[in-house]
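Please model the entire structure based on the sequences and the hints provided.
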Amino acid sequence: MATESETLHQSRRFRLSHIKGKLFEAVLVVATLVGLVALVMLFGFMFVDAVSPGSASAEWYLLFFATLVGPMSAFTLYSRRHPAVRGANARASAAVFGGLALSLAAFVVLRAMSPYGPLTYVITVGGLPLSVVAYGRYTEETYFIGPAVVLATLLAIVWTLGSEVLLSPILDATFELGVQLLGGLPVLGSVPVPVDRGHTVTAIAVGVPTLVAASSLLRRRRSTDRLLVVLAVFALSTAGTTGLNGLLRPYLETVPAWMAYGGVIGTPVIGTLALVVSRRRGLRSGVVAAGAAVVGTALVAVVALTLSVDPRLLVVLSLGVGVPTVYVVGRTVLTDRDGQVGVVGPFVIIGGILLGAYIDQSLSVTGPDTWVTPTLLVESWDGLFPTEAGAYPSTVGSVMIVGLMALMAFPVGTGAAIYLEEYAPDSGWQGKLAGVIELNIANLAGVPSVVYGLLGLALFQNVLDFAPGLVFSASATLGFLILPIVIVSAQEALRSVPDSLREASYGMGASRWQTVRSVVLPEAVPGILTGTILALGRAIGETAPLIVIAVATATSSAPEGLFSSGAALPLRLFSASANFDPAYRTGVVAALAIVLLVLMLTMNAIAIIIRNRYQ
Amino acid sequence: MSEPEQQTETGSTDEQDESASLLDTHATTDAGANTRVHGDSVVEARNLNVYYGDEQALRDVHLDIYEQEVTAIIGPSGCGKSTFLRCLNRMNDLVDSASVDGQLRFRGTDMYGDRVDPVALRRQIGMVFQQPNPFPKSIYDNVAYGLRVQNEPVTDEIVEDALRRAALWEEVNDQLHTSALELSGGQQQRLCIARAVAVDPDVLLMDEPASALDPIATSKIEDLIEELASEYTVVIVTHNMQQAARISDRTAVFLTGGELVEADDTATIFEDPDDERVEDYITGKFG
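Residue numbers (the working numbering), protein chains in the order written: chain A, 1122 to 1736; chain B, 1373 to 1659.
Hints in this document: simulated from the structure, not taken from any laboratory. Check before you lean on any hint, since a few could be wrong.
[Said to hold, decoys possible] Here are the simulated lysine to any residue pairs, SDA-like style, with alpha carbons at most 25 Å apart:
1) B:K1509 - A:T1651
2) B:K1509 - A:E1543
3) B:K1509 - A:R1402
4) B:K1509 - A:E1624
5) A:K1553 - B:P1587
6) B:K1509 - A:L1404
7) B:K1509 - A:R1633
8) B:K1509 - A:K1553
9) B:K1509 - A:K1143
10) A:K1553 - B:L1466
11) B:K1509 - A:V1158
12) B:K1509 - A:V1449
13) B:K1509 - A:T1456
14) B:K1509 - A:V1637
15) B:K1509 - B:D1528
16) A:K1553 - B:E1427
17) B:K1509 - A:L1622
18) B:K1509 - A:R1734
19) B:K1509 - A:I1731
20) B:K1509 - A:N1733
21) A:K1143 - A:V1158
22) B:K1657 - B:M1613
23) B:K1509 - A:G1156
24) B:K1509 - A:R1400
Next up, the structure:
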């Protein structure tokens, strides 16, 4: 018995190691918390600085809790017990708040750029892929849709960015190089080179798409279709490069502004609606839904005009928030009996805010003395007083820079990852090359951002001779910066797709491209988007490379286009933190940081909503 | 096999003669008590060697697979039976280190010829894998996948017909647009079979299709394979000898080292094999 109890009781040595283990655990907990606590404290101070919650009266807090916090909590408690309600609430909130954020972003960008340019592109460039798809659906021949749409998109890029802006500097440089090389050869140097730059641009912009279309389609079956598509690509690329854009633009500019906004935002929204509804309920329902959306938006505009209110923002909100909200709410109410109640979720929040604001106005309750004011959000930098500080141009600039950056870096990064994971062989010289590339990409992810700024400076200002601080240069520079992150995370996502699915697809006689497109990518998209979200978060606060390529710290108006100079929010924050006025250094900086964080969180939320749609 | 090009051009009768003469010098395949009358041979393997890097996975395999029969390939683990199956629709191409030499002909054409497109070949020779691997799409889209990638029109009738042939229609006809991943393992495997037959292939390869399933699901799959044999040429890899005995018309036995030891009518293999090693393997003395 004695020996047994000895073995069962803890020996002194065991107790010591037990204490060591506990200590180690405590150290790990401290290590986990130290960064988080510091960050939470920072946010706390920042919030107090920016909003000064102590300055609000008790009535204001009462109002705040009665109209917003109370109803919201009640609804949350209710929905927690009903999963169907929670699901419906999530969908409705995504439609309302996602639509609101995207519409506001689209509106400010369009207002800064003037909507007529984008409208021209929507009509002329968007028409090509759409007509190709429609033609394919009509004839029930789908084989050419893929290559033709890719071509049309490429064309759209060349067209949108303008052959003059993108192509001619490159051609100039190549031309110069050629002349210099030829000049080095005494005999050839005397030969006159019969090259006209304009003709070269046209020849490339028309010839390349047409040749690619011809070669990709010549192997296929029907000769008439083949010919038709090649001819369509040829005609449209000719029209594009020779200035259908310029021909159409003056006519479009006679259209009222709200129609232009409606055209730019309505085309994708109503197109998606028609597609989704017609897929679920047949073609007729799709047409009816699209028609209803158009009529509804037109009614909103007419009502606004009769009340002599500017209908631009209302039209954008009607399309960007109204259409998805009506669709989601209607669908949920009609099909989801258990969850119908959930659709009121977003309206509880919006209603609470509106009601609270109304009572606040009519009773003139003393609210908090905040720095996050309408002035800061919608005015540009002016005046010497911190209360007059505005960050609107910088906010729009940041939205444009990061938005364009995502549009550029996402396809390029995903494409590179697809090549490395799905196409590059494991062995042979190509395999070795791919290995070297992968290693370098992993290293590039760690290159300091200021070095990427130098890359942007060299490429866009020295080689391509752009003006300093353009939105496009900033986007492209940040795009280079996040490219390695996007590639690496996309590779991870592709690697996590089980090989058994690839084998199944190959076993069905699918080609590599078909396997990637219909099996691997749909599975990998959530992972790829997660990486892009992380990269977006990094890019939106990036400051050093923007300083190097001379992005303005503040401008008096939002950028008018992708090739005009813009300001960025982190730069605005940086410059405000160096202001001589202490109120700037505490209040305005804190308010700007909150705007920046909200912007980042909104962008992340939108990306997460898109990602969850795929899961 | 010094002049492979000529081989592919020669007529089918010469082919048979030559293969017979070759087979005499090699193992016991096809020789002797062959009471069964076979149809045309769909796939012919001659001197087939497969290597993964420096490692040889198949050694001089000679085998004929006849039309509308179930050919079972049995053998211990690592004997190359799956490798052989994967050669038949060139799935081994996906492995960079794999290399193939010797002759493998599908209806007289050299499968590994320069002008053969593996994608086109796989459209003729469908495959069902060991683990059920439906795509994370709806049941309907799973069945339609093969038709879509081949640019064939997809109709509800074709999908229904494929599901019926895979004995799955009755169970899923009211949930065609729900995710295939919600089905049970056995149903998933039958869906994979439906997916493979939807494109109406010539040959159906099955790599241990029932090994991941419970006994009831297994017996359903076995019934199904027997039914499919009336329309398709089926090649099934299994390491379950009872299964091979139950459902196959012919059996090929691979033993360690990638060697095809014997191939004959299933009854002959199980009752009166020529090779001692086959007898040992079948009676359970090793393997």
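Hint by hint, here is what the structure shows:
1. Pair hint K1509 (chain B) plus T1651 (chain A) holds up; C-alpha atoms about 22 Å apart against a cutoff of 25 Å.
2. Between K1509 (chain B) and E1543 (chain A), the direct Cα distance comes to roughly 21 Å. Compliance with the 25 Å bound is thereby established for this hinted pair.
3. Of the pairs offered as hints, the one joining K1509 (chain B) and R1402 (chain A) holds, with about 20 Å between alpha carbons and a cut-off of 25 Å not exceeded.
4. A threshold of 25 Å between alpha carbons decides the hint, and for K1509 (chain B) with E1624 (chain A) the separation of about 16 Å falls inside it, so the pair holds.
5. In summary, the hint linking K1553 (chain A) to P1587 (chain B) is not supported, as the alpha carbons are separated by about 47 Å, beyond the 25 Å threshold.
6. Between the alpha carbons of K1509 (chain B) and L1404 (chain A) the distance comes to roughly 23 Å, so the proposed pair stays at or under 25 Å and holds.
7. Only pairs whose Cα atoms come within 25 Å are accepted, and K1509 (chain B) paired with R1633 (chain A) is accepted, the gap being roughly 19 Å.
8. About 36 Å separates the Cα atoms of K1509 (chain B) and K1553 (chain A), which puts this hinted pair outside 25 Å; it is violated.
9. Between the alpha carbons of K1509 (chain B) and K1143 (chain A) the distance comes to roughly 48 Å, so the proposed pair goes past 25 Å and is violated.
10. Distance check on the hinted pair: K1553 (chain A) and L1466 (chain B) sit about 18 Å apart at the alpha-carbon level, within 25 Å; holds.
11. For a cut-off of 25 Å, the pair hint linking K1509 (chain B) to V1158 (chain A) is broken: about 44 Å separates their Cα positions.
12. Pair hint K1509 (chain B) plus V1449 (chain A) holds up; C-alpha atoms about 23 Å apart against a cutoff of 25 Å.
13. Taking the CA atoms of K1509 (chain B) and T1456 (chain A), the gap is about 22 Å. The hint holds against a cut of 25 Å.
14. Between the alpha carbons of K1509 (chain B) and V1637 (chain A) the distance comes to roughly 15 Å, so the proposed pair stays at or under 25 Å and holds.
15. Restraint check: the Cα-Cα separation between K1509 (chain B) and D1528 (chain B) comes to about 16 Å, which is no more than 25 Å; the hinted pair holds.
16. Taking the CA atoms of K1553 (chain A) and E1427 (chain B), the gap is about 22 Å. The hint holds against a cut of 25 Å.
17. With a C-alpha separation of about 11 Å, the suggested pair K1509 (chain B) and L1622 (chain A) falls inside the 25 Å cut-off, and the hint holds.
18. Distance restraint check for K1509 (chain B) and R1734 (chain A): the Cα-Cα separation of roughly 14 Å lies within the 25 Å cut-off, and the hinted pair is therefore satisfied.
19. Pair hint K1509 (chain B) plus I1731 (chain A) holds up; C-alpha atoms about 18 Å apart against a cutoff of 25 Å.
20. Under the criterion of a C-alpha separation no larger than 25 Å, the hint pairing K1509 (chain B) with N1733 (chain A) is consistent with the structure, at around 16 Å.
21. Pair hint K1143 (chain A) plus V1158 (chain A) holds up; C-alpha atoms about 22 Å apart against a cutoff of 25 Å.
22. Between K1657 (chain B) and M1613 (chain B), the direct Cα distance comes to roughly 13 Å. Compliance with the 25 Å bound is thereby established for this hinted pair.
23. Between K1509 (chain B) and G1156 (chain A) the alpha-carbon distance is near 42 Å, which puts this suggested pair outside the 25 Å criterion.
24. Distance check on the hinted pair: K1509 (chain B) and R1400 (chain A) sit about 16 Å apart at the alpha-carbon level, within 25 Å; holds.
The structure is inconsistent with the numbered hints 5, 8, 9, 11, 23, although it conforms to all the rest.
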